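**Student:** Each chain, letter by letter, is given below.
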Amino acid sequence: MTESDLRTHATEIHEQFSDQLEIDVDDVVERLDTLVNDYQVPISEARRSVVNTYLDEAGMDRDQLGGGDGGGNEQVNVADVDAPEEWVDVRATVVELWEPRADAVAQVGLLGDETGTIKFTKWSKSDLPSLEEGKSYALRNVVTDEYQGRFSVKLNRTTTIEELDEAIEVGDDSVEADGALVDIQSGSGLIKRCPEDDCTRVLQNGRCSEHGEVEGEFDLRIKGVLDDGEEVTEVIFDEDATEELTGIALEEAKEMAMDALDTTVVADEMRQKILGRYYRVRGPTFGRYLLADEQERLTGAVDADEILIKARSI
Amino acid sequence: MASTPTREVARRVFAREFNDASYTFKESDDDRAPVYVLLPTGQRANRVFLVGTLTETEDVGEDSEYWQGRVVDPNGDTFFMYAGQYQPDAASMLRELEPPAYVAVVGKPRTYETDEGEVNVSIRPESISKVDEATRDRWVVETAERTLDRVKRYKEADMEDPATDEYISMADEEYDQLSIENYRQSVVGALESLQDEQAEASAD
Numbered sequence: 001m002t003e004s005d006l007r008t009h010a011t012e013i014h015e016q017f018s019d020q021l022e023i024d025v026d027d028v029v030e031r032l033d034t035l036v037n038d039y040q041v042p043i044s045e046a047r048r049s050v051v052n053t054y055l056d057e058a059g060m061d062r063d064q065l066g067g068g069d070g071g072g073n074e075q076v077n078v079a080d081v082d083a084p085e086e087w088v089d090v091r092a093t094v095v096e097l098w099e100p101r102a103d104a105v106a107q108v109g110l111l112g113d114e115t116g117t118i119k120f121t122k123w124s125k126s127d128l129p130s131l132e133e134g135k136s137y138a139l140r141n142v143v144t145d146e147y148q149g150r151f152s153v154k155l156n157r158t159t160t161i162e163e164l165d166e167a168i169e170v171g172d173d174s175v176e177a178d179g180a181l182v183d184i185q186s187g188s189g190l191i192k193r194c195p196e197d198d199c200t201r202v203l204q205n206g207r208c209s210e211h212g213e214v215e216g217e218f219d220l221r222i223k224g225v226l227d228d229g230e231e232v233t234e235v236i237f238d239e240d241a242t243e244e245l246t247g248i249a250l251e252e253a254k255e256m257a258m259d260a261l262d263t264t265v266v267a268d269e270m271r272q273k274i275l276g277r278y279y280r281v282r283g284p285t286f287g288r289y290l291l292a293d294e295q296e297r298l299t300g301a302v303d304a305d306e307i308l309i310k311a312r313s314i
Numbered sequence: 001m002a003s004t005p006t007r008e009v010a011r012r013v014f015a016r017e018f019n020d021a022s023y024t025f026k027e028s029d030d031d032r033a034p035v036y037v038l039l040p041t042g043q044r045a046n047r048v049f050l051v052g053t054l055t056e057t058e059d060v061g062e063d064s065e066y067w068q069g070r071v072v073d074p075n076g077d078t079f080f081m082y083a084g085q086y087q088p089d090a091a092s093m094l095r096e097l098e099p100p101a102y103v104a105v106v107g108k109p110r111t112y113e114t115d116e117g118e119v120n121v122s123i124r125p126e127s128i129s130k131v132d133e134a135t136r137d138r139w140v141v142e143t144a145e146r147t148l149d150r151v152k153r154y155k156e157a158d159m160e161d162p163a164t165d166e167y168i169s170m171a172d173e174e175y176d177q178l179s180i181e182n183y184r185q186s187v188v189g190a191l192e193s194l195q196d197e198q199a200e201a202s203a204d
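So the protein sequences, as listed, match chains A and B.
Position one of the first sequence corresponds to residue 1 (the numbering used here), numbered consecutively onward.
Position one of the second sequence corresponds to residue 1 (the numbering used here), numbered consecutively onward.
Hints are computed from structural coordinates only; laboratory data are not their basis.
Computed from a predicted model, the values in this text were never measured in an experiment.
Do not take every clue at face value.
Claimed, not checked - Computed list of lysine-lysine pairs in DSBU-like fashion (alpha-carbon distance at most 30 angstroms, straight line):
| hint | chain 1 | residue 1 | chain 2 | residue 2 |
| --- | --- | --- | --- | --- |
| 1 | A | K135 | A | K125 |
| 2 | A | K254 | A | K273 |
| 3 | A | K273 | B | K130 |
| 4 | A | K119 | A | K135 |
| 5 | B | K152 | B | K26 |
| 6 | B | K108 | B | K130 |
| 7 | B | K108 | A | K223 |
| 8 | B | K152 | B | K108 |
| 9 | B | K155 | B | K26 |
| 10 | A | K310 | A | K273 |
| 11 | B | K130 | A | K254 |
| 12 | A | K192 | A | K125 |
| 13 | A | K273 | A | K223 |
| 14 | A | K254 | A | K223 |
| 15 | B | K155 | A | K119 |
| 16 | B | K26 | A | K310 |
| 17 | B | K155 | A | K223 |
| 18 | A | K119 | A | K223 |
| 19 | B | K130 | A | K223 |
| 20 | B | K108 | B | K26 |
| 21 | A | K273 | B | K152 |
| 22 | A | K135 | A | K154 |
| 23 | A | K310 | A | K192 |
| 24 | B | K108 | B | K155 |
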């Protein structure tokens, strides 16, 4: 490593301590040089070591460091998390806290910044302070994770949490799709879910793939396909959205199935009401699905004039 | 995700162009690879979505039920569809529906060569549903827009350029270039008839 590269690193470290310590850039360069060139330590590790030395001298904690980077992580926007197992820093607001489903998890929920939202998990054994809903934090040293195409961040023992005075605004990461509803897939209509704690799997012939034969709980759902002639969007409508879309509520669906001694009549009835119509749907994405938060039937008059003028002119 | 086969988009096309789409092909040698018809404006179609007026249904089967449905677009051109025992939902809709009615149809293009060597293009419906006039009107405008985009792309393409879209080049080879003008006319015709209907409706 050249002298000028070392000097760049040294200047950055110097800046981090300029308020607390009377140190001289040359001194920092010398320490880095010893580690990197004499002991062949990688520069990132050398920086860590030198920073630690100065932290000790100043009697400071790592997370008190201003400027520069606290531990060599990149600060990322939550929408930019696109790979697992990366150490990053985020500045985000706690949008929602969910009920942890296992003792190993202290807190779980949703973090958001200007670019969108991301799930977070905080382990019990990490022994970190509690996050509060609605507050904004700088979280340093969190690890990214991925499950079925969805990314999350995990807080761990080395994570530092600093509450921010400023409120970080949470951006909207929902997407909009419109088109004709061209298909209602199997697993739609009146379904049964596994009643076991932590399990909401949809039963197949009365069986849960995890818990075997169980007494299921009824639910309404539609897995539909919106198609605008250029691309398809798979949409999941939950109980409320399904009722709004079809006018069929859970109780009514149960009665329909009871009368017919068959649950499939519900999906058949729903098909007749919504298939082939145009809709606009908004909501967040989950894997390859859009989860419908808002929906409207597109029935308004459409304007043909503009296209007609274009068609006549070519 | 690479592991999930992507669902084929349902193309929007007026009956005149659809019925001219006699050239079919596959993208791979796999037996189960999807079959596409080539739209004369230069786009492949493995599925179509259409909304029009169901004017006639008839059981044309000999041993078992085999329903034919005729659905007419605003230019008066007809889509033909056939549903038998393997399309039970669509077949029962054709059995039960009373023409005339607006219907929305999702289906797969199928071609059939007659004894005279002509290729007939029809639809094997996946679903048929009864819809209202607003849905039909929206489909007409949407289909006009999509068709016009294809016509425009076709007209602007340089067939000598190897970078030209492969389906446009394919259409240039397989179909008569002059027919492109017909599809522009079907866009104009469909929109004009829609405007006439709307003018009549507001005059009433």
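**Student:** None of the hints should be skipped; say for each whether it holds.
**Tutor:** Here is what the structure says about each hint:
At roughly 23 angstroms between alpha-carbon atoms, K135 (chain A) and K125 (chain A) fall within 30 angstroms of each other, so this suggested pair holds. Between K254 (chain A) and K273 (chain A) the alpha-carbon distance is near 18 angstroms, which keeps this suggested pair within the 30 angstroms criterion. Simply put, K273 (chain A) and K130 (chain B) have alpha-carbon atoms about 9 angstroms apart, close enough for the 30 angstroms limit, and the pair holds. Restraint check: the Cα-Cα separation between K119 (chain A) and K135 (chain A) comes to about 15 angstroms, which is no more than 30 angstroms; the hinted pair holds.
Taking the CA atoms of K152 (chain B) and K26 (chain B), the gap is about 25 angstroms. The hint holds against a cut of 30 angstroms. Between K108 (chain B) and K130 (chain B) the alpha-carbon distance is near 19 angstroms, which keeps this suggested pair within the 30 angstroms criterion. Between K108 (chain B) and K223 (chain A) the alpha-carbon distance is near 21 angstroms, which keeps this suggested pair within the 30 angstroms criterion. Of the supplied pair hints, the one linking K152 (chain B) and K108 (chain B) holds, its CA atoms being roughly 25 angstroms apart against a limit of 30 angstroms.
As the CA atoms of K155 (chain B) and K26 (chain B) are separated by approximately 25 angstroms, the hinted pair is consistent with the 30 angstroms bound. For the suggested pair K310 (chain A) and K273 (chain A), the alpha carbons sit about 35 angstroms apart, so the restraint of at most 30 angstroms is broken. As the CA atoms of K130 (chain B) and K254 (chain A) are separated by approximately 25 angstroms, the hinted pair is consistent with the 30 angstroms bound. Straight-line distance between C-alpha atoms of K192 (chain A) and K125 (chain A) comes to about 36 angstroms, which puts the hinted pair past the 30 angstroms bound.
Pair hint K273 (chain A) plus K223 (chain A) holds up; C-alpha atoms about 15 angstroms apart against a cutoff of 30 angstroms. For the given pair, K254 (chain A) sits about 19 angstroms from K223 (chain A) by alpha-carbon distance, which is consistent with the 30 angstroms threshold. Distance hint between K155 (chain B) and K119 (chain A) is unfulfilled; the C-alpha atoms sit about 49 angstroms from each other, more than 30 angstroms. As the CA atoms of K26 (chain B) and K310 (chain A) are separated by approximately 34 angstroms, the hinted pair breaks the 30 angstroms bound.
Between K155 (chain B) and K223 (chain A) the alpha-carbon distance is near 39 angstroms, which puts this suggested pair outside the 30 angstroms criterion. At most 30 angstroms may separate the alpha-carbon atoms for a hinted pair to count; K119 (chain A) and K223 (chain A) meet this at roughly 24 angstroms. Our distance criterion of 30 angstroms between C-alpha atoms is met by K130 (chain B) and K223 (chain A), whose separation comes to about 20 angstroms. Among the hinted pairs, K108 (chain B) with K26 (chain B) is consistent with the structure: their alpha-carbon atoms are about 14 angstroms apart, no more than 30 angstroms.
Between K273 (chain A) and K152 (chain B), the direct Cα distance comes to roughly 36 angstroms. Violation of the 30 angstroms bound is thereby established for this hinted pair. For the suggested pair K135 (chain A) and K154 (chain A), the alpha carbons sit about 18 angstroms apart, so the restraint of at most 30 angstroms is met. Between K310 (chain A) and K192 (chain A) the CA atoms are separated by roughly 51 angstroms; this puts the pair beyond 30 angstroms, and the hint is violated. The straight-line distance between the Cα atoms of K108 (chain B) and K155 (chain B) is roughly 27 angstroms, inside the 30 angstroms bound, and the hint therefore holds.
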